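**Student:** Taking the hints into account, I'd like the entire structure generated from these sequences.
Protein chains: 2
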Amino acid sequence: MRQSELFTKTQKAFPKDEVSANARLLIRAGYIEKLMAGVFSMLPLGFRVRENIMRIIREEMNATGACEIIMPALHPKSVWETTGRWDEMKSVMYQFGEGERAYGLGPTHEEVIAPIVQKHVNSYLDLPIALYQIQVKFRNEERPKSGLLRGREFTMKDLYSFHTNEESLNVFYDRVKEAYRGIFKRVGLGDTTYLTLASGGSFSQYSHEFQTVSDVGEDTIYLCKACSVAVNHEIITEQKVCPECNSNDLVKKNAIEVGNIFKLGTRFSEPVGLMYRDTDGTQKPVIMASYGIGVERLMGAIVETYHDDAGLIWPQAVAPFIAHLLIIGEQTGTLKKFADTAYQSMIDADIEVLYDDRTDVSAGEKFADADLLGLPWRLVVSNSTLAEDKIEVKKRTEKEKKLIALKELPKYITK
Amino acid sequence: MRQSELFTKTQKAFPKDEVSANARLLIRAGYIEKLMAGVFSMLPLGFRVRENIMRIIREEMNATGACEIIMPALHPKSVWETTGRWDEMKSVMYQFGEGERAYGLGPTHEEVIAPIVQKHVNSYLDLPIALYQIQVKFRNEERPKSGLLRGREFTMKDLYSFHTNEESLNVFYDRVKEAYRGIFKRVGLGDTTYLTLASGGSFSQYSHEFQTVSDVGEDTIYLCKACSVAVNHEIITEQKVCPECNSNDLVKKNAIEVGNIFKLGTRFSEPVGLMYRDTDGTQKPVIMASYGIGVERLMGAIVETYHDDAGLIWPQAVAPFIAHLLIIGEQTGTLKKFADTAYQSMIDADIEVLYDDRTDVSAGEKFADADLLGLPWRLVVSNSTLAEDKIEVKKRTEKEKKLIALKELPKYITK
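Residue numbers (this note's numbering), protein chains in the order written: chain B, 2 to 416; chain D, 2 to 416.
What the hints contain is simulated information worked out from the structure, not anything from laboratory work.
It is possible that some hints are incorrect.
Coverage of chain B stretches by chain D, computed from C-beta distances (three or more under 8 Å per stretch; other residues unrestricted) [as the list claims (entries may be wrong)]: (1) 69-79; (2) 127-140.
Short, incomplete list of chain D residues facing chain B, as computed with Cβ under 7 Å [as the list claims (entries may be wrong)]: (3) Met37; (4) Leu44; (5) Pro45; (6) Phe48; (7) Ile71; (8) Ile117.
Everything numeric in this text was worked out from a predicted model, so none of it was measured.
All C-beta atoms, glycine included, are put in the ideal place defined by N, C-alpha and C.
**Tutor:** Below is the structure:
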């Protein structure tokens, strides 16, 4: 894409009403815009990052055998009364209207999906089933001030699985655990994200969270140096020992909860009447689990993990463009032709490239914007690189620059 | 996909609480599920149709040069007060909360997008701009009973364009008009969808709707036999003449509004303060237009247009799968091998195929379900087709069956 055709502009200053690094950087760089606290628009660059994250999540979810659907956000009060959660969720669910017209905006979808599955499941032969959606969620957060990390409106991948017995559930649960590891690794958070034991509810001793270590994280975890599992502070004992390996070599860290997986047992299937006919002909409640990842929160966690004073630093898998091509100098004659050729050959090589062809900004501004936008590769074409018939290549994460011939460029960047 | 792995089942009977053909058929066939009046979930088959429609819309939008973003559904009351529409929209907008916490669920996004553009536009050099989203919308419909044609929650493609003058607006407006024609043609509604003159507001004499002729349509249009333009009954004169060509050869029809395009002028840019610096240095309000297509409504219009007593009939471009492969007879030995080979060779040829490999349903049920699900091509493998080393091929829209060799099948289907 030509940057002259990108409608967003970077801002010289950080927004004054934001404290979180992710919101400050993303707004200043024109990736997102705030409508109100906890509610953001995704502008073209932010939209592309979000799409990349959703594509990775979708690929890993499909690989588990789960099937994609989409459910509504507007729920009648009645479905939430079935499980007793209308009152329980009052503090986080937007609820409005009266009588037949009383609605809630869904912060989660157990109450909606269980009756759908109930309609299509008769016998043990119909199970297991795994269904997911990537869909808008709402949560009435008191004072959201962490940018994308805590939204009143956000996109969530929520997966639900349905089983006849615990063994079947455990098999799929472990498969999703691995899929989640795959997702966090692919988006660049593999090294800082820990499987974390958290409180489990009545059906199992623990639930599992995926926590990304970060100074700005609102959660506190204890990282076990012996077995690399983490423990949410909510369930840590006074003795501060790891429940997995009994080591007491634990380190206290702030962390961002980027995913959670939860065995629900029959908590929702029983009140909803989600039953199946077992091998012996008896009716039994279906065993459920749920698995969540917040898309924008994950995007925020990536930004918190990867940035510096100059701006954003995108991991290649989620970057809105792989390369940022800058033409420095007057855009005429051979120089322009050389830069245009470079742009076209990147497109021909299927490399997503943002071409800074703006004529009304200085070289200094182009370099500063390249750092701020944070694309993985900066490619500079100027009269001095032209003299050598090469392009100056620099990684956003490194200081070193290299001169590379155009012919070798695509291979060099995607290697 | 193997049908044995599809969790949805077809229902023997139509749902009792639905009157519209689209909801009755889609629910019975397991494409969608109703949560409450006007609010539906998209199950795997419905999800795939919706994805196909959105992909077509996206391709045609991108071809106009418009850029995709996504804006929130949860809006603060304050932005709607700026334009005076908080009260104006009271009857269709879900509004709740009080004071600083008063929100509306957006039925449209002029109030949200104008300030975003305002932040990034300074001068005439920054214009024109065209931005679109495919995003969830909410409308407080009194008594929705038309299935997907009128939803309380639905997905909408809304495009907004921003210009310095009417000439620029007209150029883009006409480009979108053609893109819309392209969309309706590709989804199979080209022959029954008419550009329709409707009331225009203060900035232009007419707005334009795209109306698909259908007995169940809630709109009434007058179709001009002379020039093929239609006129919404709202603006037809007592003399009943075509405003385009003055012909009085008009036919009254029911129709479904599947799209609309609207010149907004400065109706929203002025109150929001969306100004640009013109060539002469003066500040002028930006000229806007908006362009909408309801995704699920379009899906509903396709169903209303294409179905018969036996079930759905999907146009190839939006069908959840292109082909429905049925194995008839005991699934063992050579027959099973032959069917499995046929399934695999369709996959290898990149043809999306649903393989009815269910063992617990009769041949009659498989044929009935094939008609109900309505995929474009039915492929039958049985002992009698096996004897000839061929597959029986039938179009959903035709009675004629043909025996085709497996080798020739992919070409035959996609020709």
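**Student:** Hint by hint, say whether it matches the structure.
**Tutor:** Verification of the hints:
Counting residues of the segment 69-79 of chain B whose beta carbon lies closer than 8 Å to any beta carbon of chain D gives 9, which meets the minimum of three for the stated coverage. Coverage of the segment 127-140 of chain B by chain D holds in this model, with 5 residues showing a Cβ closer than 8 Å to a Cβ of that chain against a need of three. At its closest, the beta carbon of Met37 (chain D) sits 5 Å from a beta carbon of chain B; the interface hint therefore holds under the 7 Å criterion. Among the interface hints, the one on Leu44 (chain D) holds; its C-beta lies about 5 Å from the nearest C-beta in chain B, closer than the 7 Å criterion.
With a cut of 7 Å, the hint placing Pro45 (chain D) at the interface with chain B holds, because the nearest CB-to-CB distance is about 5 Å. Interface hint at Phe48 (chain D): satisfied, since its Cβ lies 5 Å from the closest Cβ of chain B, which is below the 7 Å cut-off. Contact between Ile71 (chain D) and chain B, as hinted, is supported at the beta carbon level, the nearest pair being about 5 Å apart and thus within 7 Å. The beta carbon of Ile117 (chain D) comes within 5 Å of a beta carbon in chain B, closer than 7 Å, and the hint placing it at the interface holds.
Every hint from the earlier list agrees with this structure, and none is contradicted.
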